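Build the full structure now, drawing on both the sequences and the hints.
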Amino acid sequence: MVLELAGREVAISNPGKVYFPRTGHTKLDMVNYYLAVAAGALGGVRGRPMALKRFVNGAESEPFFQKRAPQKRPDWVGTVELSFPSGRTADEVVVTDEAVLAWVINLGCIDLNPHPVRAADLDHPDELRVDLDPVPGVGWPQIRDVALVAKDVLADFGLTGWPKTSGSRGMHIYARIQPRWPFGEVRRAAVAVAREIERRAPELATSRWWKEERHGVFVDYNQNAKDRTVASAYSIRPVADVRVSAPLAWAEVPSCDPAEFTIETMPARFARIGDPWAEMDQAAGSLDLLLELAARDEAAGLPDAPWPPHYEKQSGEAPRVQPSKRREAGPGRSGTGARSPAGRRQSTKPLIEIARAQTRDEAMAGLERWKARHPAVWPRLQPADVLVDAMRGRSSVWYRIRLNLQHVPQAERPPQEPLEADYDPWAGFRP
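Under this note's numbering, residues 1 to 431 are what the sequence shown spells out, in order.
To be clear, the hints were calculated from the coordinates, so they are not data collected in a lab.
Treat each hint with caution, since some may be false.
Claimed, not checked - Think about it this way: if two alpha-carbon atoms lie no more than 30 angstroms apart in a straight line, the pair counts; the simulated DSSO-like pairs of lysine-lysine are: (1) K313 / K226; (2) K349 / K371; (3) K226 / K211; (4) K67 / K17; (5) K226 / K151.
Claimed, not checked - Computed spacing ranges between beta-carbons, pair by pair: (6) T359 / R169: 16 to 22 angstroms; (7) A295 / P254: 32 to 38 angstroms; (8) E317 / E203: 24 to 30 angstroms; (9) D156 / G16: 25 to 31 angstroms; (10) E60 / E260: 20 to 26 angstroms; (11) P375 / P418: 18 to 24 angstroms; (12) R413 / V56: 40 to 46 angstroms; (13) A259 / R68: 34 to 40 angstroms; (14) P418 / D123: 42 to 48 angstroms.
Note that the structure is a prediction, hence the values are computed from the model and not measured.
We treat Cβ as the ideally placed atom computed from N, Cα and C, and that holds for glycine.
Here it is, written out as structure tokens:
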């Protein structure tokens, strides 16, 4: 099928291919959805470099990440060269109009993942992103409550927050900022936001990076690190009911239900109320007050919060060791702690690893086998004790499952056993 968009012809291959088998939605349905909300969707991605997250076999398959734009592409699809923390570079796609938007969806991209910078200035973000990520077992009302705390924190430090459902389990709150600060300072401000939210709502939210230490809603400050992307406004999400990431007015947040915003309902909502984020660009604020808060936290002895594992160790960062592998402080030790009498690290959390798998289904199947072998242990675990990590590999995601046995009496805790699945994403790879 060939569509006429923005004065160009855009070929849609296999338009009838089903991408959501449980609802029957096709590639053409996705294209038509994005065109129906194009004014809003382009507001989130226009002029920004974008990583291509491609689901070539549909929403229930594992995606792969393509940073480099395809070599064979129309001459009207522009790119810009990005540099990454690894030192590598890539020419990434920059969406400019409906034609490029439809071309991206035709590649199998379900959601859109732009960087928080404009192609004209790749070193200074113009968005601060607050990602509210609930731990397992946390309900939607608590997420909404934390979002309202985040709104107040941003306002108290001179910024306007713009909320949206993530389209998955959480919420995102964006703040438009003046493009004056490099990535490191924007992330530093985001750490200050996360810690202030935790101070105001300690029972509801946490800024703790390590999953085994989290409770409630995690405020993920590291989404502001360079090379991190977030599903943008109006993005379809690869979930069974085809939800979308819906921009909201703050008055809607206390009663909103993310299940109401889908590929079927959003076009009518957009036609009825327009884009709640339409005025965002007119609300660019300053990070000065947040950076002053960050300086006060640092002066009070708070170290830099942990960075993602593939980033170089940063000046002022606390030891990058998960709590279950830290050693307790002892005489003659400087921060790394002492060993047990047997010479082993003393764990602060009783974690065991269950599986490392190429797909989530394989990892969960391994967990089911473990549960069958330990039927008396599983009922003692709480939802937050099951740590399912989506780990970024070279170009795709792989999955790790760990269990925190903190609620299991010590005498009944199973030992670490051979992994139910033992996938190595780096096997055969040579730099």
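Has the hinted range 18 to 24 angstroms been met by the Cβ atoms of P375 and P418?
19 angstroms, holds
Going straight from one Cα to the other, do K67 and K17 come out at no more than 30 angstroms?
Holds - the C-alpha atoms of K17 and K67 are around 24 angstroms apart, at most 30 angstroms.
Honestly, do T359 and R169 meet the 16 to 22 angstroms range at C-beta?
Given range 16 to 22 angstroms: holds, Cβ gap about 19 angstroms.
Do the beta carbons of A259 and R68 sit within 34 to 40 angstroms of each other?
36 angstroms, holds
C-beta pair P418, D123: status relative to the range 42 to 48 angstroms that was hinted
Since the Cβ atoms of P418 and D123 sit about 47 angstroms apart, the hinted range of 42 to 48 angstroms holds.
Within 20 to 26 angstroms: is that where the Cβ-Cβ distance between E60 and E260 falls?
For E60 and E260 the Cβ distance comes to about 23 angstroms; the hint holds.
Between the alpha carbons of K313 and K226, is the straight-line distance 30 angstroms or under?
14 angstroms, holds
Beta-carbon spacing of E317 to E203 - inside the hinted bounds 24 to 30 angstroms or not
27 angstroms, holds
Can you let me know if the beta-carbon spacing of A295 and P254 is within 32 to 38 angstroms?
Cβ of A295 to Cβ of P254: about 34 angstroms, so the range 32 to 38 angstroms holds.
Quick one: are D156 and G16 within 25 to 31 angstroms, going by C-beta?
Cβ of D156 to Cβ of G16: about 51 angstroms, so the range 25 to 31 angstroms is violated.
Consistency of beta-carbon spacing, V56 to R413, with hint 40 to 46 angstroms:
The hinted range 40 to 46 angstroms holds for R413 and V56, with Cβ atoms some 42 angstroms apart.
Holds or violated: K226 and K151, Cα atoms, limit 30 angstroms.
24 angstroms, holds
In summary, the structure is inconsistent with hint 9 from the numbered list given earlier, while agreeing with all the others.
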